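Peer 1: Read off the chains here:
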Amino acid sequence: MSAATGGPRAARAAVRLRDVGEAGLWRAVDVYRVFTLGYAFVLFVPVQDRYRHPAGAWAVLAAMTAWTLFVAVRRTRSPRMLWADLGVAVLAVLATDLVDSPARIAAGAATLPSMWTATPVISFAVARGWRHGLAAAVVISVTDVVEVAPHASSSTVDSVVQLVLIGTVVGWTAELYAAGRRRLARATAVEAAARERDRLAADIHDSVLQVLAYVQHRGTELGGEAAELGRLAGQQESRLRALVAARGPVAAGEADLCALLAEVEAPAVSVAVPAGTVMLPTRDAAAVVAAVRSALDNVARHAGDHARAWVLLEDEGDMVTITVRDDGAGIPAGRLEAAAAEGRLGVVAGVRGRVAGTGGSVTITSAPGEGTEVELRVPRRRAS
Amino acid sequence: MTGPGDLPARPVRVMIVDDHPLWRDAVARDLGEAGLEVVGTAGNGLEALRRIPAARPDVVVVDLQMPQLAGVETARRVVTEFPGTRVLVLTASAERSDVLEAVKAGATGYLVKSASREELLDAVARTALGEAVFTPGLAGLVLGEFRRMAGDGDAGGGAPEVPRLTERETEILRLVAKGLTSRQIADRLVISHRTVQNHTQNVLGKLQLHNRVELARYAIEQGLDGAG
Numbered sequence: 001m002s003a004a005t006g007g008p009r010a011a012r013a014a015v016r017l018r019d020v021g022e023a024g025l026w027r028a029v030d031v032y033r034v035f036t037l038g039y040a041f042v043l044f045v046p047v048q049d050r051y052r053h054p055a056g057a058w059a060v061l062a063a064m065t066a067w068t069l070f071v072a073v074r075r076t077r078s079p080r081m082l083w084a085d086l087g088v089a090v091l092a093v094l095a096t097d098l099v100d101s102p103a104r105i106a107a108g109a110a111t112l113p114s115m116w117t118a119t120p121v122i123s124f125a126v127a128r129g130w131r132h133g134l135a136a137a138v139v140i141s142v143t144d145v146v147e148v149a150p151h152a153s154s155s156t157v158d159s160v161v162q163l164v165l166i167g168t169v170v171g172w173t174a175e176l177y178a179a180g181r182r183r184l185a186r187a188t189a190v191e192a193a194a195r196e197r198d199r200l201a202a203d204i205h206d207s208v209l210q211v212l213a214y215v216q217h218r219g220t221e222l223g224g225e226a227a228e229l230g231r232l233a234g235q236q237e238s239r240l241r242a243l244v245a246a247r248g249p250v251a252a253g254e255a256d257l258c259a260l261l262a263e264v265e266a267p268a269v270s271v272a273v274p275a276g277t278v279m280l281p282t283r284d285a286a287a288v289v290a291a292v293r294s295a296l297d298n299v300a301r302h303a304g305d306h307a308r309a310w311v312l313l314e315d316e317g318d319m320v321t322i323t324v325r326d327d328g329a330g331i332p333a334g335r336l337e338a339a340a341a342e343g344r345l346g347v348v349a350g351v352r353g354r355v356a357g358t359g360g361s362v363t364i365t366s367a368p369g370e371g372t373e374v375e376l377r378v379p380r381r382r383a384s
Numbered sequence: 385m386t387g388p389g390d391l392p393a394r395p396v397r398v399m400i401v402d403d404h405p406l407w408r409d410a411v412a413r414d415l416g417e418a419g420l421e422v423v424g425t426a427g428n429g430l431e432a433l434r435r436i437p438a439a440r441p442d443v444v445v446v447d448l449q450m451p452q453l454a455g456v457e458t459a460r461r462v463v464t465e466f467p468g469t470r471v472l473v474l475t476a477s478a479e480r481s482d483v484l485e486a487v488k489a490g491a492t493g494y495l496v497k498s499a500s501r502e503e504l505l506d507a508v509a510r511t512a513l514g515e516a517v518f519t520p521g522l523a524g525l526v527l528g529e530f531r532r533m534a535g536d537g538d539a540g541g542g543a544p545e546v547p548r549l550t551e552r553e554t555e556i557l558r559l560v561a562k563g564l565t566s567r568q569i570a571d572r573l574v575i576s577h578r579t580v581q582n583h584t585q586n587v588l589g590k591l592q593l594h595n596r597v598e599l600a601r602y603a604i605e606q607g608l609d610g611a612g
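Protein sequences appear in the order of chains S and Y. The letter at position 329 of the first sequence is residue 329 when you use our numbering, and the numbering goes up by one with no holes. Position in the second sequence (first residue = 1) + 384 = our numbering.
Among these hints, one or two may not hold up.
Computed Cβ-Cβ distance ranges for the label pairs, DEER-style [what the hints assert, rightly or not]:
| id | chain 1 | residue 1 | chain 2 | residue 2 | range |
| --- | --- | --- | --- | --- | --- |
| 1 | S | Ala356 | Y | Leu430 | 50 to 60 angstroms |
| 2 | S | Ala356 | Y | Glu421 | 56 to 66 angstroms |
| 3 | Y | Glu421 | S | Gly359 | 54 to 64 angstroms |
| 4 | S | Gly304 | Y | Arg440 | 40 to 50 angstroms |
| 5 | S | Leu222 | Y | Gln606 | 51 to 61 angstroms |
| 6 | Y | Glu503 | S | Val211 | 15 to 25 angstroms |
| 7 | S | Ala356 | Y | Arg572 | 25 to 35 angstroms |
Some chain Y residues near chain S, calculated using beta-carbon distances under 7 angstroms [what the hints assert, rightly or not]:
| id | residue |
| --- | --- |
| 8 | Leu406 |
| 9 | Leu484 |
| 10 | Lys497 |
| 11 | Ser498 |
| 12 | Pro520 |
| 13 | Gly521 |
| 14 | Lys562 |
If you are wondering where the hints come from, they were derived from the structure by calculation, not from laboratory data. Bear in mind that the values here come from a model prediction, so they are computed numbers and not experimental data. Beta carbons: idealized from backbone N, C-alpha and C, even for Gly.
Please put together the full structure from these sequences, using the hints given.
Peer 2: Rendered as structure tokens:
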């Protein structure tokens, strides 16, 4: 086990402490500490006359009591407290050598603190997981063996096995508990964000969108400058509509292509997607959206001023198909091949390059006067 | 646009249901100026259902998000309680699932409020004739819905009568979703405009029939059919 001394490692340890540092778990540790202290008294009092130094033993027990009260009252669980706890337990075990009789020790009698020494093992396990719990158990076990040396008995083996089990099982459980709590916190945050978004969306729909759509509608009717204002209102309306319709990431590593594509909607760009979600690994989804944007940029640049575009997303299970069609000038036969041959890759490279990483394919069909159709077919992979 | 000879002799009677007075008035004015007869307006679904018997509209233009009976439920009740009355959904920013539900519930058309005046007039006229009014967005939703149902049917194996699209219907829906007009689709597939219309209407019909069957089955399972 390595000491958590300074720098990022200490910071990490502190973070983990806070993660798992649930008040309820620590209260249980405190209760365990008090009960095992009582047990230590119960074991000691009937046989105190057989100790070499009963007064010394009482002093050790008094120190253990003081420490138990101190930890319970203090309540902070800093890394320093964890180490101090372990140190106190080690000292209590070693002190047994000074106060108990060699005969009793050789006969396999329990150490003076007995089960109380499992407390720091549990603390390490709760604070930092099973590895640290196991390491603390090893430290206490070694101390136990040193204490009885050279008379290791079956009871020594028993207590070593018990400590190791306690350290790993409690640590494992604490890690599961911490992971559960983190998941719950994440889910709660996502849900709260979604709720807030829904509230905003409803509000925006009832106010701003209605007015923008109305301005666009009337502006177009009135013509002239009003039509220009109407056009601007229309642009903002569709941007806002796309924004409101967009949803955040649903699962880690995956993104909803429906929501992402909704954002490319514009007055001259219509987006058709299925209801619900179409999940892709985040990187693939981003690549698809970049390819679609690249195709749309090309429409805006080359297809003519009044060209419109349509984006269609189809979910075929193991395959996702995205089509970008425009009603612009189209590309004369052979132009694409000629451009590629001359090293001017343009739209083909822009779209293909972006889709290449997804293992997908691109088909471009076009004829003069009939617009251009870019079809992306992307295999659905698991999020990695 | 409407085909020659298809128009009814009298003006189309329209009711507008929207909780925004601004919009109600703008749409009413546009439709009125174009020669349609606006026979009533309502601020929510319940009000609309109360007024329909007296107003007798051919087409009810419904917003989806309204207080007191939202658009989906309004559409469902209008088409069941007043057969022959058609519902066109006109909405600013609807959840995709709401749009799909409204269409399954019986709406035969869908338009966003940013659509132009001409698009609105065309949509109302076609809805009055009983044609399906598909925006590319709606076509994408419907395509996705049929794929989803087919997927569920394959996985579960328990739902025998999951409706499926024919190849031709899928082909036409994809072209609609990619922005082709029914005229352009007819040209590309070398079929008549009328045939394209029939296919899109069939698609909506399948979806709505399936929805009614599902609702009925659900009602029977829950003991809500009123027969027992």
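Peer 1: Each hint needs a verdict: does it hold in this structure or not?
Peer 2: Evaluated hints:
In this structure the hint that Ala356(S) and Leu430(Y) lie 50 to 60 angstroms apart at CB holds, the actual value being about 56 angstroms. For Ala356(S) and Glu421(Y), the hinted distance range of 56 to 66 angstroms is satisfied, since their beta carbons lie about 58 angstroms from each other. At about 58 angstroms, the CB distance of Glu421(Y) to Gly359(S) agrees with the hint of 54 to 64 angstroms. In this structure the hint that Gly304(S) and Arg440(Y) lie 40 to 50 angstroms apart at CB holds, the actual value being about 46 angstroms.
Take Leu222(S) and Gln606(Y): their Cβ atoms lie about 53 angstroms apart, and the range 51 to 61 angstroms holds. As the Cβ distance of Glu503(Y) to Val211(S) is approximately 20 angstroms, the hint placing it in 15 to 25 angstroms holds. Separation of Ala356(S) from Arg572(Y) is about 31 angstroms and conforms to the stated range, judged on CB atoms against 25 to 35 angstroms. Interface restraint check: Leu406(Y) against chain S, minimum CB-CB distance 5 angstroms, threshold 7 angstroms, status holds.
Restraint check, Leu484(Y) versus chain S: the minimum CB separation of about 5 angstroms is within 7 angstroms; hint holds. At about 4 angstroms, the closest approach between the beta carbon of Lys497(Y) and any beta carbon in chain S falls short of 7 angstroms, and the interface hint on this residue holds. Interface restraint check for Ser498(Y): the shortest CB-CB distance to chain S comes to about 5 angstroms, inside 7 angstroms, so the restraint holds. Satisfaction of the interface hint for Pro520(Y) is found here, the shortest Cβ-Cβ separation to chain S being roughly 5 angstroms, below the 7 angstroms cut-off.
Because the closest C-beta pair between Gly521(Y) and chain S is about 5 angstroms apart, less than 7 angstroms, the hint holds. About 4 angstroms separates the beta-carbon of Lys562(Y) from the nearest beta-carbon of chain S, less than 7 angstroms, and the hint is met.
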